[in-house]
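Student: Below are the chains, spelled out letter by letter.
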Amino acid sequence: MIKHNFILFLRNIRQNKNSFFINIVGLSTGLICFLFIALWIEDEISVDKFHQNDSRLYQVMKTNKSSNRNFTSEWTPGPLAKTLPEEMPEIVYATNVLSEENGIISPGNGKEIRARELYAGKDFFNIFSFELIDGNKDEVLSGNQAVVISDKLALKLFGTSENIIGRDLEWKQEELSGNYTISGVFKAPPASSSLQFDVIYSYEEYKDRVPDNYNWTYNDPHTYVVLKEGANIEALNSKMTRLIRERSNDETSSLFLTLFSSKHLYGKYENGVQAEGRITYVRLFSVIAILILLIACINFINLSTAQASKRIKEVGVKKAMGIKRRSLGFQFLGESIMTSFLALLTALLFVVIFLPQFNQIVGKELQLDLQWPHIVFLLAVSLLVGLVSGSYPALYLSGFKPVSLLKGKFTTRASELWIRQGLVIFQFGVSVVLIVSVIVIYQQIEYIQTKNLGYEKDNIIYLRREGKMAEKLETSLNEIKNIPGVTGATSYAHNLTGDHGTTIGLDAWEGKDPEDNIAFSYINAYYDFIEVLGMELKEGRSFSRDFSTDEDKIILNETAVAQMGLKNPVGQIVELWGRNREIVGVVGDFHFESLYEEVKPCFYKLSDSGNHIMIKIEAGREESTLNSLKAFYSEYNPGFPFDFEFLDKDYQHLYQSEQRVSVLSKYFAGMAIIISCLGLFGLVAFTAERRQKEIGIRKALGQSSSQITMLLSGEFAKLVGISILVGIPVAYLLSINWLTSFAYKIDLRLWYFILAGIGALVVALLTVSSQAIRAAFKNPVEALREE
Amino acid sequence: MLLELNNIFKWVNSGNRRIFLLKDINIQVEEGEFISIMGPSGSGKTTLLNVIGMLDNFDEGEYNFLEEPIQSLKEKHRINLYKKYIGFVFQAYHLMDELTVYENIEMPLLFKKYSSSERKALVGDMLDRFNIVGKKDLFPTQLSGGQQQLVGIARALISSPKLILADEPTGNLNSKQGEEIMELFKQLNEEGVTIIQVTHSEKNAAYGSRTINLLDGRMIKD
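If you read the protein sequences in the order shown, they are chains A and B.
Residue numbers for the first sequence follow the numbering used here, so the first one is 1 and each next one is one higher.
Residue numbers for the second sequence follow the numbering used here, so the first one is 1001 and each next one is one higher.
Since the hints were derived computationally from the structure, they do not count as laboratory data.
For clarity, every value in this text was computed on a predicted model and none was experimentally measured.
Virtual Cβ for every residue (Gly too), placed ideally from N, Cα, C.
It is possible that some hints are incorrect.
[Claimed, not checked] Chain A residues, not near chain B, derived (Cβ > 10 Å throughout):
1. Q15
2. R209
3. N779
[Claimed, not checked] Here are the simulated DMTMM-like pairs of lysine to aspartate or glutamate, each with C-alpha atoms no more than 25 Å apart in a straight line:
4. K313/A <-> E1075/B
5. K605/A <-> E715/A
6. K313/A <-> D1097/B
7. K111/A <-> E100/A
8. K3/A <-> D1137/B
Next up, chain B with everything else stripped away, as it sits in the complex (with noise of 0.2 Å):
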């Protein structure tokens, strides 16, 4: 099992209102998933990928992550944990314009115990692997947006994660280059990465190997 949320929930008061953003969540991720969270607008898709990320906090129930719970975790050692396990693919690319293509990619390697030459073969690897050798002293501004992905998911890969959470990976992209992405997921799926993805489209949905849908916080049907 890589993850498993039992009951939970998120809220926010507003006056002596409480608006829950999550109600009573329950999933079990096996590693090897692939995961498609949809919903409309507002029903909780990114918050409850930002709690699976650990980016953002829940108010109650258990988390566990590779048998780790993670309510009761130090911040810094969620940290690490994360660090070592989880990829993120955002919906804007969160590229940094001052950074070339290759120093992007580098990026999550320099805040780890690398050497600068493992770090050359890891990137040079990355860059062969998604055919971006040539754009590799582009800056992200000068690519497209579909490339601009790419290189997002090549820096989320770099630390080989057990997991990638992709919010909406397609959102900004035209329906071809859509298309290539997920293909690139499926085919990461494959070889042994699970994926969570939030997305609206049913056609990316498909990709996946299972469909969580959220209304209001809640799920409605695993």
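With the rest of the complex left out, here is chain A (with noise of 0.2 Å):
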């Protein structure tokens, strides 16, 4: 029986070849779309989960109070991670973790390799599960001088990482520069670890080239703990905040666990409440995912019903001799599981091919390793979709009675024309709100890239501040600036793409209410950072050389003086950390966060030790600029690589996720319009056929081809009108939604519906038209013999 039902599906497949290409095509590009998104998903979540402490593995994060907003940052006073766990019996583990900007390593051999470093406590191999190849993981970080390597860095350094410890390295990074001794070799950490780097060094090391920044106000490293089995966590919160309250002095201050793992797909904090993060969009395309298979599944049921007439003499017959509706019911739900395999080895193939390509736009490196936990998922998919897209049709077929079958009559139920036309409605209200949804993404990133930031970010270069740059800025900067093509360049500290350092430290303005703490955010950069990046002074003056005593003096924003409520900011006084400063100008406002956030207020304090040297290259003359550049910096600054980039790549960088969503959202978007495209390409053609009659009677009433072919396409025509008309509020609210995240964005407008929703009947008229003008001008005289 199973082979005689395996014969018919296969004999049906050649009788039936268009109706068969459409559901394969419509059920594998679902099926690629859902596995792509599939295999995004599994990589997302998996992101820090291979951690063998992961349950109990916590981040401490810490929320400062003031009078404008709670803001909450991964940064910690260095001595927490050594209190913690002498102080709180909870606590197995702490260490501090700290990375600063990319050394460069050397092992005496000439090679010389910038490196992503991190600073860690001496149980960091305790607490993550990052593989040592080599050393002991109590012991690897204990001695100050201890390096540890990763084999990769290792292969690049020696060529091997067997037996290198005890070999010397060279590290040059400003204050930690020095000769270390390798301790331990690790393995370099998995794609799906959120901490990247190829060498740790002793934080302890780190806190004797430093003690300035070792002290319970200063927050740099982030702690990370491992706490006991069941410990109480809110209990826990309470007595950190006490801890770091007494010891900074600060009643503003508190501190919190974060599961170490949910930072991935939660990671931002509104108002010093976990808030969602990625894991928006993990489910956002986890929707989208079963809606595009949905529809694929919707293809394959419309078409079976709409051809049932086909099958319907074998139902007859088959019940004329006494075969059972549930075997007739299993055999079609067993086609539509062969179908839905066949499908899904095609989209396999397809996601192998486009991998690649996929993983380029996702930025990911993906790969499809078929495990039996795959295997099981993927043929529990395409049973799942099988099951979906066959039972309907398989009621439906072996519902029908054998007397009516065998008299050949056959009439379409009313319910079965609702459903049908419900399910083209669902279709193509989803390919509406994905069209709506790519329009008003692309609008967004339009705005973003062109909006005016405050600043001109074209043009400008930054690179490390390294070396003789390091040592000698006034006279580097002096050299640089002399360099043709170079029309400025500056020193400063912290970036313009969210990286700034924040205060509540900004206190006894004029007219100050004294319960009031505002929080600042600051940047601290060194002479012309204004003329450089092109902002727009709106009062007083900018730092300049000729005043001796700016290091005094602040530049406010727009924003920091309406909030303060100064009327005439210039050459008042406020008090900086207890130290009086000077208003000497105020400074037009500018994005130094991304557009999801608000100006804040914010001050420019004027500082020498910055670690970046930013460059602003006359426009037309980048290249040879960069050229003369490189040139200068190799003689200048010998031992370290010319690594610069664009401040407005840095800036992209910023909406990366929005980039790839654009991107992502507009391929899956024509793939449900070319599925729902495909369904009803099928659908018409497969009603043209059952409408012959009546057309060829309509014909020779004297009805004209084109009369008819309004005929059939108008009925699509009016689904796809309701579709639009359901699909665009809910585009709508969807848009509006996704818009709320941004503080800066664009107004929806009225096109980007109607560009839509002609879009959407534009392309279902064509597909329809087709079939509907090839309907219309055949002989009526065949379609009447036919009968």
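Using the supplied hints, reconstruct the complex from the two chains, each of which is provided in its own coordinate frame.
Tutor: Here it is, written out as structure tokens:
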């Protein structure tokens, strides 16, 4: 019987090649989207999950209250990690982890490699499950001069990762430069780790070299802890908060624990509370995956039920032979499962082919390794798809009464028509929503790209301040400025994409409410920062070398002036960290964070300790200027590679997720439309075939071909019209929802929706009309004779 | 007694009027009979045949098949009964276009407990008997109407039923092919198979041992 059903399945395919083709293409397209998204989601949710202590591995976060907002950060005081296990028995291990700018490592054989470093406490390898290939995990970080390096870095440095313990390495990174001895080798962190590093030094050494940063009020490293089984998080949070308030003498701070592995997906904090983050995109794409798969299943359902009349004789004859409805149901279900399985194989083939392109879009290194869990998952998916798309047709087909079938009477029930039309509406509704989403996302990204940021991000490069640049800032900057094509140069400590200081230490201005403690962002930079970035000075002056005491002055942004309620800010004295400072200027608001955030009150303070050099290049001579800069650099600063970045690239990087989402949503929307149109195509072809007789009679009675084309197309146009009406409100709500996360966003315009609607309608009509025209121009005599 | 219909009524309600499809039908059929049901279009011939074949229900009356009261049998039981004892032959043959002659004839056996070698033997016999061995791998569309109906009959006979129900078996055939089919029925009947056929043609009815005439759902003469 199975063989019989299989033969029937194959012969039916041969007879109905078109609809089989549509089914396979539709289902496999849906599955391709689904599989890609599944791969991506699997990767996203597995980040940081590989640590054996996962369920007990927490990060200590710090929230500071101020009158304008609560801000949460990962930076904690240096002594915290040492104190926590000593004073709280629930904490088994704790470590600080600090990463500076990547330094340069060299084994003394002339090789110099830039390496991503961490400074970590001695229990680092007990807390995190990074595999030590060589060395004892309790000891590798206990010596101050110890360095643990990754196997990959070892290969680059020595050509081997074996027997290198005890070798010396030279490390160049400002205060931390010096010679270190290899005490262990670890396996390079897997891609699923959010911590990525090539080399680890002892935090003890960092503490000794930079003692100013080690106290309870300076927040510098991250702190990670492993708790005892069953520890009470709430109780620990309040204990830690008491600790920090007592030690740092700051009643605005509080500490709390966050599961380390939740950081990747729930990385955003709003007003001190853990908010969503990447999980939003994980959810969004899960929904898209399921919707697209559903659209593909709907094609299958619609085509199978529409073509029921082709199978009707089989059902009738078999039932007349006493075959039970159940076995017929299973036969049809089996067919849909087989179809779904074939579609899965096709989809897998395409996933393998297009995985590199997909990886490029999402910026990952996903691989399709078919382990048993994967295979089971795939089989389950194809079974589910088969069941979802096959169960209604199976019920429907097997339910026919043999008598009416054998009489050749085949009437379409109204309910069935409703279902089919409802499904088409659903398909196109989803497509319309996706089209609107693509338009909205593109518009918002376009807006982000072209928004006036309050500074000019183009033609600016930046590089690390190392070597001679670190020693002699003023001379170095002068040398750089003398290079033709360079229009300005400065040094700065933070960046303009979210990294900046935050403090409530600005105080005592005229008219300040003593209860207020406003949180200010601040940027430490050298002379010419405003000029190089082309910011607009609203009042007063910029810092200048002509005044010898500018270290004691500050410049505010407009938001700061507004929030402080200052009338004539220039010349007023404020207190910063206990010292009086004069406001010398007010700069127009500029975006120093992503556009998700409102511009916050901010001040700019003169500092010569910035760790970056920023250079403005004359537009139009980028290449020659960069070449001269490179030549200058290798001579001026030997031993340090000229690694530079463009500022606008940095800015782009800020919206990488959005860029990726926009590209992906474009493809997914396209796929959804293709699948929907395929279904529509099949449906129209079939309707036309079934209505041949009606069309013949209409023509015989004198209706023109164009009238008949209109008649056939119009019906489907109506359905698409309804789906547009249904889809647009949904799209509107979703768009509004997505945009609320941005502080600066586009207004939704009517034309986004009109364009999406017209787009869907045009595509649908193109699909429908070719078939309708073909049917309409058929010779009516043929159609009538066929009866 | 093979089957017995006592006061069978079948109707449909149209608005508040009741339209009778079958009205007070009383038939007794002995094994080995060859019965023709005749009557004008719409007189209820096919409905009667379907009721006898248990493909269609009736609203009132009694139907005993091999002493089993059909009206009080469960669906499953009823299916088993006609699966075992009844074979259908249709006017439009109703062969499955996707299956070859061989596979069409084999199909009813697939849903019963036969081993594949038994099936092979039975189908082989049937092909021999109807002289269509050479056509076993052809598809129905490659056959003439008469040959298709032969296959249809072979398919009905494969599970060796006691009763063959034929709904205008020659309706789509030319007269020569029709005659051959009727000869075949006669021969089968002589071998002991009970046959009930619906027909328009007096000539075909003459092959039968008895004729039932229907008019507007009512028997007018037995």
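Student: Where does the structure disagree with the numbered hints, that is, which hint numbers, in rising order?
Tutor: 1 and 5
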